Amino acid sequence: TQLLEQSPQFLSIQEGENLTVYCNSSSVFSSLQWYRQEPGEGPVLLVTVVTGGEVKKLKRLTFQFGDARKDSSLHITAAQPGDTGLYLCAGARGGKLIFGQGTELSVKP
Amino acid sequence: EPEVTQTPSHQVTQMGQEVILRCVPISNHLYFYWYRQILGQKVEFLVSFYNNEISEKSEIFDDQFSVERPDGSNFTLKIRSTKLEDSAMYFCASSDRGEVQPQHFGDGTRLSIL
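Protein chains in written order, with our numbering: chain F, 1 to 109; chain H, 1001 to 1114.
Honestly, the hints are just simulated from the structure, not real lab data.
The structure displayed is predicted, hence computed values, not measured ones.
Mixed in with the good hints there might be a few duds.
[What the hints assert, rightly or not] Here are the simulated BS3-like cross-link-like pairs (lysine-lysine), alpha carbons at most 27 Å apart as the crow flies:
| # | chain 1 | residue 1 | chain 2 | residue 2 |
| --- | --- | --- | --- | --- |
| 1 | H | Lys1083 | H | Lys1057 |
| 2 | F | Lys70 | F | Lys56 |
| 3 | F | Lys108 | H | Lys1042 |
| 4 | H | Lys1078 | H | Lys1042 |
| 5 | F | Lys108 | F | Lys56 |
| 6 | F | Lys57 | H | Lys1057 |
| 7 | H | Lys1042 | H | Lys1057 |
| 8 | H | Lys1042 | F | Lys56 |
| 9 | H | Lys1057 | H | Lys1078 |
| 10 | H | Lys1083 | H | Lys1042 |
| 11 | F | Lys70 | H | Lys1057 |
| 12 | H | Lys1078 | F | Lys70 |
| 13 | F | Lys59 | F | Lys108 |
| 14 | F | Lys70 | F | Lys108 |
| 15 | F | Lys70 | F | Lys59 |
[As the list claims (entries may be wrong)] Just a sample of chain F residues kept apart from chain H, beta carbon distances all over 12 Å, derived:
| # | residue |
| --- | --- |
| 16 | Asn18 |
| 17 | Glu38 |
| 18 | Thr62 |
| 19 | Arg93 |
| 20 | Gly100 |
[What the hints assert, rightly or not] To give an idea of the chain F side of the interface with chain H (calculated C-beta under 8 Å), a few residues:
| # | residue |
| --- | --- |
| 21 | Tyr22 |
| 22 | Ser27 |
| 23 | Gly42 |
| 24 | Pro43 |
| 25 | Leu45 |
| 26 | Glu54 |
| 27 | Leu88 |
| 28 | Gly95 |
| 29 | Lys96 |
| 30 | Leu97 |
Idealized CB from N, CA, C, for every residue including glycine.
With the hints as extra help, turn the sequences into a complete structure.
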């Protein structure tokens, strides 16, 4: 069974704090995608990382793919209330995506 | 920006009835997918479809499920005889090339089986 463990499941922080979300697996993925999902909507793609060791930045969000392409992290700097939501990582293997269980982030003003 | 559209947004069906969920993938995409998300659980892969045939399917995708691309724009998921445990959000996704390319998701169909 291919698993992607995402942690933490819940995170409640104050505005301005930094945070990191982790996705870990024992399996290698050809790429890893991060999504954000609002209630009642589909996952919205934030970024795709493909190369081991790759780092991508999207404003205050920094995504990293592990050297062995088994793990990834999402770091948010100076979190804002607008960052509140569900963040999902998903590893691509054989054309399908294997999702983590998600991180529910709450940023309080 | 092009997007994946799904209809209906909510479908309520009696157990044992057939249901068809519809999706219009992004127009130049070649790979199509269905996922489902039971309330409170992970998003789970059901099936992938390319070149008019199933590329891969999960163990969830049994004989009660089928997919079809009836024309150049629609992609459908049919459940022949629905069960209570089929109640979930069903998401359609598409990508333009394949394994390393990002998949873009629709907003889903909430299927409620009574």
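Hints and how they fare:
1. H/Lys1083 to H/Lys1057: Answer holds: H/Lys1083 to H/Lys1057 is near 19 Å, not above 27 Å.
2. F/Lys70 to F/Lys56: Answer holds: F/Lys70 to F/Lys56 is near 16 Å, not above 27 Å.
3. F/Lys108 to H/Lys1042: holds, 26 Å
4. H/Lys1078 to H/Lys1042: The given pair, whose Cα atoms are some 22 Å apart, holds under the 27 Å limit.
5. F/Lys108 to F/Lys56: Distance ~26 Å between F/Lys108 and F/Lys56 Cα, so the pair holds.
6. F/Lys57 to H/Lys1057: violated, 34 Å
7. H/Lys1042 to H/Lys1057: holds, 17 Å
8. H/Lys1042 to F/Lys56: holds, 25 Å
9. H/Lys1057 to H/Lys1078: Holds. H/Lys1057 to H/Lys1078 sits at ~14 Å (cutoff 27 Å).
10. H/Lys1083 to H/Lys1042: holds, 20 Å
11. F/Lys70 to H/Lys1057: holds, 23 Å
12. H/Lys1078 to F/Lys70: violated, 34 Å
13. F/Lys59 to F/Lys108: holds, 20 Å
14. F/Lys70 to F/Lys108: Given pair F/Lys70, F/Lys108 is violated - Cα atoms ~32 Å apart, limit 27 Å.
15. F/Lys70 to F/Lys59: Judged against 27 Å, a Cα distance of about 24 Å means the pair holds.
16. Asn18: Per Cβ check, F/Asn18 is outside 12 Å of chain H; nearest 26 Å; holds.
17. Glu38: Non-interface label fails for F/Glu38: nearest chain H Cβ at 9 Å, not farther than 12 Å.
18. Thr62: holds, 18 Å
19. Arg93: The claim breaks: F/Arg93 does not keep its Cβ more than 12 Å from every Cβ of chain H (closest is about 8 Å).
20. Gly100: violated, 7 Å
21. Tyr22: violated, 16 Å
22. Ser27: violated, 14 Å
23. Gly42: holds, 4 Å
24. Pro43: Given a least distance of 5 Å, the restraint on F/Pro43 holds.
25. Leu45: Nearest chain H Cβ about 5 Å off; hint holds.
26. Glu54: With a closest approach of 12 Å, the F/Glu54 hint is violated.
27. Leu88: holds, 7 Å
28. Gly95: holds, 5 Å
29. Lys96: Cβ of F/Lys96 sits 4 Å from chain H, so the hint holds.
30. Leu97: At 6 Å from the nearest chain H Cβ, F/Leu97 passes the 8 Å test, so the hint holds.
Against the hints set out earlier in the document, violations occur for numbers 6, 12, 14, 17, 19, 20, 21, 22 and 26.
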